[in-house]
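Colleague: Protein chains in written order, with this note's numbering: chain Z, 1 to 838; chain P, 1 to 125.
Errors might be hidden in some of the hints.
[Claimed, not checked] When the alpha-carbon atoms are kept at most 27 Å apart in a straight line, the in silico BS3-like pairs for lysine-lysine are as follows:
no. : chain 1 : residue 1 : chain 2 : residue 2
1   : Z       : Lys599    : P       : Lys64
2   : Z       : Lys808    : P       : Lys53
3   : Z       : Lys328    : Z       : Lys507
No wet-lab data here; the hints were simulated from the structure.
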Amino acid sequence: MQQVIVVGNGMVGYKFCEKFVAQAESKDFKITVFGEEPRPAYDRVHLSEFFENQDAKALEMAPAEWYAEHNVDLITGERVADINRSSKTITTAKDREFSYDYLVLATGSSPFVPPIKGVEKEGVFVYRTIEDLEDMLAYAAKINAEKPDGRAAILGGGLLGLEAGKAVLDMGLEPHVVEFASKLMPRQLDSRSSQVLQLKLESIGLNIHLSKATNQILGDGKITAMEFGEDDVLDVDMLIVSAGIRPRDELARACGLDVGVRGGVVVDNTMKTSDAHIYAIGEIALYNQMIYGLVAPGYDMADVAVQQIIGNTDKIMPADIDMSTKLKLIGVDVASFGEPFMPASKGHSIIFENKTQHLYKRINVSHDGKKLLGGILVGDAADYSMLHQVYLNGMAIPEDPAQLILPTSEGGALLGDVMDLPDEAQICSCESVTKGQICGVIESGEATDLGSVVSCTKAGTGCGGCKPMVADLTNATLKSLGIEVKDSVCEHFDYNRQDLYKIIEVKGYTTFNEVLDNHGNGGHGCELCKPLIASLMATIHADTANKEYAIQDSNDRFLANIQRNGTYSVVPRVPGGEITPDKLIALGQIAKKYDLYTKVTGGVRIDLFGATLNQLPLIWKELISHGFESGHAYGKSLRTVKTCVGSTWCRYGMDESVSFGIELENRYRGIRAPHKIKGGVSGCIRECAEARGKDFGLIAVEGGWNLYVGGNGGANPRHAELFAEQIDNATVIKYLDRYLMFYMRTAKPLQRTAAWQERLEGGLDYLKEVIINDKLGIADDLEKEMQTLVNKFECEWTQAVNDPEMMKRFNHFVNSEDEDDNLVFVPMRDQKMPEPWA
Amino acid sequence: MENILDTYCATNIEDVTVWFKAASVADFPVDGGACVKYKNKQIAVFNFSRLGKWYACQNLCPHKMEMVLSRGMIGDDKGVPKVACPLHKKTFSLENGENLNGDLEAIATYPVKIDAGSVYIGFTE
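Isolated chain P, as found in the complex (with noise of 0.2 Å):
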């Protein structure tokens, strides 16, 4: 079971060699998240629309390894933002995965852009 958390690793948009065309802006609700299917990845994706940005992340919360982050509220503490997973409130940096209220591994982060009203998610592979 532990070993689907090797399914994801966190990206930097300087190492993305595919651009994921995962669906349009409107899918997503504003300030909130939905699922994206990437081969074998379950991706949560979030509309961050009160700063302006998108995140994605993997969708399994560590703690109870379960798909569920993108049905999260997100959010901000203390200024970073972050999504709580719906099951115990483990709350998550958008910006590096870091958990924010506790000692769970980070969540792996996945660069997002947007373009000509579409949502794409970029992957190394």
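Here chain Z stands alone, though its shape is the one from the complex (with noise of 0.2 Å):
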């Protein structure tokens, strides 16, 4: 068995051996990876997302047990100190020899540090690194305990310097952007781009400092200012240096390969460098006299490393690489391809721009105007995948180039479809997926939507920009074979969601059998359409739970949630978080009493678990008579209306969260909805109640509330958009009423507000003109339903209560009133919990 080592653990070096693993000759090596820093590789291009979430799993390739899966040795916290060429092994900084038959240099780059005086001092940070951010985030944090108003400046305006400028903001500083040139993103944009990206940035709070030339660092110990000229200096407490990038190449330079003169192990193009036997990839790798430090490049040469190794000797380095790159700056887009900066001499330029909207929009095109040679997007890069796919293959361009940019009335259908592009145009750069791949899955029958399409072909998986235009393709594909997506709600009935809204709504049904015997087919429905036409029901009559609960879903017909060993949870309405002491002294009296385990959930509320069939009605008697209500926790319905304390207490808040909660989450209290409903409001723009991680979510600010629509927690997380800005708590109701009612009423079956509003056609768009413009003529109608079921609104534990035949519903047997004699709970943490699963 042959041993490959791979020293660095970083992107690059992770996409070796994932690509080699891929290969099933790779049983006839055995690889080792070793990584100085202590975590296994992670997404250095997404780091800024860590200071969103500090959530440095998110970031990894992959978990460690990847490696151990796939027999790959990873050792982390370890630097290769030193490599033996001779005797063809490395020495780690452990003093720990390893032999190797073929050693790869994934060693990647560091920060450059420009030797300006005061460098050295506490307060000045390099951006590379999740250490190098963890130190930045504490730092932070004692300037902001300090100080009210903390400054950071980024030294640097290039591509990584704005992403840490973004990083200051999230910390709660002030960024002062600092730049030699003078411009911002010198290598990627042209001066008036750059001029449109310094006002889009500008306007969002970046403050930005160009042609400046750092003479020293001021501060005793630690950095307090920044010094230009004599009299030019810029007050700061934090200094990030994002100046450029050196390759880590001390350990190639120590063992005597060739290197450059500016840096970088000398590669041809296998990858090979001076010593036939160690191969260098990334961005430690100077190809074409060229260190390219962009992941797609990196991830080719990764792959060209691997099936040299392995025999496939006629792959090579392909040598004009494509440096076209989309990214999103703080928001904004930024992309730029193929040739973007062009002389005269080649070719004409195009080229569109508007400053009141930051937008800036060039392509280059050859003389006879018949060839895209590049281009330049600021603001808008939404035309990025199709223009760059044009460029790749040389793809006719229209008579007029200039129509590729301008914008257009009817919604630019200039560029063609994505069927057009040829098959080997490459989709994904990150992946080296080409369009007829993709098509091919779907053909083959192997992917059937566009989940498996990512999954079969790992197109999308790298950078993400090319979503956009895998799924284009993927519905395309599906299209073209004939087949469509059916949405008809189960084998019960031919018709969708909305369709059966209507059917109830026109034709006045009350019950289940009649909507089944005149429109179904033939059968005696299920677990699929019982729940959504009982939810259907619940929101064109107003009907509770309680109605026909037979073909409730278990929650709903027991009016509780069902817990794992089918004991129930009771989670009593708390409207807005806001809770007396004397109920909370009564809701523990009564978790005491009947023996529940007791917990605060996410949603500002307590819940009770481990409540018997038996005990549900016996519990809601108690809770009632201390005034508690339903909080509707089972039901696909609004759950709760979480709330910061607002300007009743908080000294920064704007308007009284609190109260405007609690009339919301009273207001829309019991309705039904496709998926269950959550609501936010924040006093002000700190947003303690998470209110845009919510359906709906309002944050004051001057002169009104901020509507926000669409957000969710869950398995794919999602912020709410921003719908409506500076309106009054009657408009905000007015606002909420249509959309609720018009999601209520289109939606597919257990849709959350997040994936309707996605797949609206039209998007937010059109949304707005539905619900603020009222387009469709329906906003009365919709205010009048929502407003129908407000006032129709009874808690239906209350009724249950009074009702000695809904009772009975709640015994476990029929014939007998023993309790299941099935259940077992076991001690945990002075609580008790369900005896765990077998």
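Two chains, two frames, a set of hints: combine them into the complex.
Modeller: Shown next, in the form of structure tokens:
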């Protein structure tokens, strides 16, 4: 067996391992990979996301177990210190020796710190690893604790520097970007596009200082200011240096491999260094006298090295490397492709610029106007994928090339269809996936939807920039195969949810059997259509779940959430999370009396677990006598409206978030919807109620509320989108009535608002047209329908405990007062839990 | 825990030696179920009124061994009457107990007869 040692466990080092183990022959090889950082490889491209959630795991390329499962030895936290080429061994910093048949250098790069006087002071950071970020966060927290208006500067206005600018914003400091050149992103953008980007970034709070050479860093021990000229000083509390990268070639130098004048290990088109047993890939490899700091060429290099080592020597690195790139910087689209700056001698440029909208588009075309040679997009890069494909594949362009970038009134169909691309067109450059491969897995039946296309081909799993195009290709291919995505609710009906809604509304049906007998397929219903029709009845007739309980899902049938062992949990409504001490005491006493496991939920209320069916009505009788009502935690209905304490107590509060949250929770309590709904109301932009993570969210701002819609947590977390700004309470209610009712009318079964909104043709703009401008002329109806639901609200638990017939439902046995004798509880931190499943 | 399954054996009507009078017809929901206690057994009984038939089976879902099937929704899978477990929606034929959407062991079914407004379940012991 041959030994392959990979030095460096970054993105490219990991990709080498991934591509290696994917090869069948790799059983003849044993891979050992060394990483000096404490954790396995992570996605450095999306490093700034760490500031949002501080979840290092989420950035991992693959968990540590992946390496073990694929027989790759991963040794983290141990730097390779020395290479001995004659004995073909390496020595680590812990003085351990390993021998290799092939050595792959993937050591990447380190941040370049210019030799400025004072750069060693406390408070100066570089931006490269998760440890760097953790250090920054800790320091920023210290600043924030000391003063309210801390400032941080970023030295370097390149791509990474602007990413760091976002990090500073996220840390709550005032960001200042200091650039030596006269424009931002000097390597990717021309002057005009750079100015447009600058305007946009300034509008969102970045301070930008161009043409500044830093003389020294001032401060006694820790940084207090940067000095540019004699009277030109910028006071800052922190500095992040992002002034370029230097290849980590010290190992290669020490063992005598050929290196470039300005660093980097010289490689040929097989990724071999000057020693035939040593390869170099990624940001350390000097290929074509260039260091490529992008992920896609790094991944290609990893692939070439893998193929070369296992003997497929035909696989080489192309001479021309596509440096096209698209990214979102602080929410601003920036993209460049092909030849972004082109001298007039090679072709003509067509430029569209609109500074009022922060938009810039430039394309470069050949003198004869027939070929697209490159371009730059700032502010809106929606056309990037298509333009990039036209460039890569040398496709024909319109007679007037300006049409490629001019805003069109009819929604720009000028670029043609994705299906017009040639099969060899590379759609995902990170994973080298072509159009032919994507269409192929669908045509062969291997993949049937977007999810399976992604898992079969890996397309879209790198930077993710190609995802919209992969989705378009998937849909178009499915359509071309005549595959219709059927959305009827189940085998018993040929209708979807929206059809059934209209049928029940128009015909006025009030029972499940009426709908099934008149519009079903002759069957007897099932666990899909029964609760669905129950939900529609609730929306259309304002029925509670007590009306026809046998068609309700277990939770709605027993008005409680069924738990793992068949017992239930009890969640009374605590509107807005506001509760009196007396009610809190009552909850505690009831929980104690019935020996219920008690926990505060994520939705600011209190959940009592472990109630048997027989106990439910007894518990609820007591809760109701203390003024509680059903919390509908068991229904596809409004759960909670989470609130922060707002201006009633908080010194920063702009409005009474609790009062408004309670009003909204009480307004929408009990309504049944396609899925559960949650709301949030925050008293200021600090957003303590996490309103943007809810189906509807409100944030108090100067002059009213900002309304956000379509957010959720769950498996696919999504921030709600800004729907209306600075509106008053009455307008919020008007829009929400319409929005929720429109959702309840048109969504698919079990579709959350986020997914519904995402798939709504025309998107958020269309939704605004319908809800705000009443494009469909239904706004009055929506409001009336909602008002009817609000007026007819009744607590279904109060209904149940006051009706002896309904109470019978809550017996475990129809012929005995006994309880389920199969229940076993075990102790758990002073409370109890069900015995674990076998 | 597994041996609790042995308590329940599919029973054919010709083997019935005991007809246990469980409750009156009105105690069961229309097109729904309820649970009957018989000795150490829990039996789920369903009034499938759309078919004009009654079914009985073990209350124990063999997936996670919880006593919950009587609280499941009933319906049909391509004409086969079934019950869906409320915990994870495993479905079982009410005719022969077969797991219709997985590979779980079949559940035990029992004969039911209605006489003078009362529901009787047939056992061998």
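Colleague: Could you run down the list of hints and mark each one as holding or not?
Modeller: Outcome of the hint check:
A threshold of 27 Å between alpha carbons decides the hint, and for lysine 599 (chain Z) with lysine 64 (chain P) the separation of about 24 Å falls inside it, so the pair holds. For the proposed pair lysine 808 (chain Z) and lysine 53 (chain P), the alpha carbon gap of about 23 Å is at most 27 Å, so the pair holds. Between lysine 328 (chain Z) and lysine 507 (chain Z) the alpha-carbon distance is near 50 Å, which puts this suggested pair outside the 27 Å criterion.
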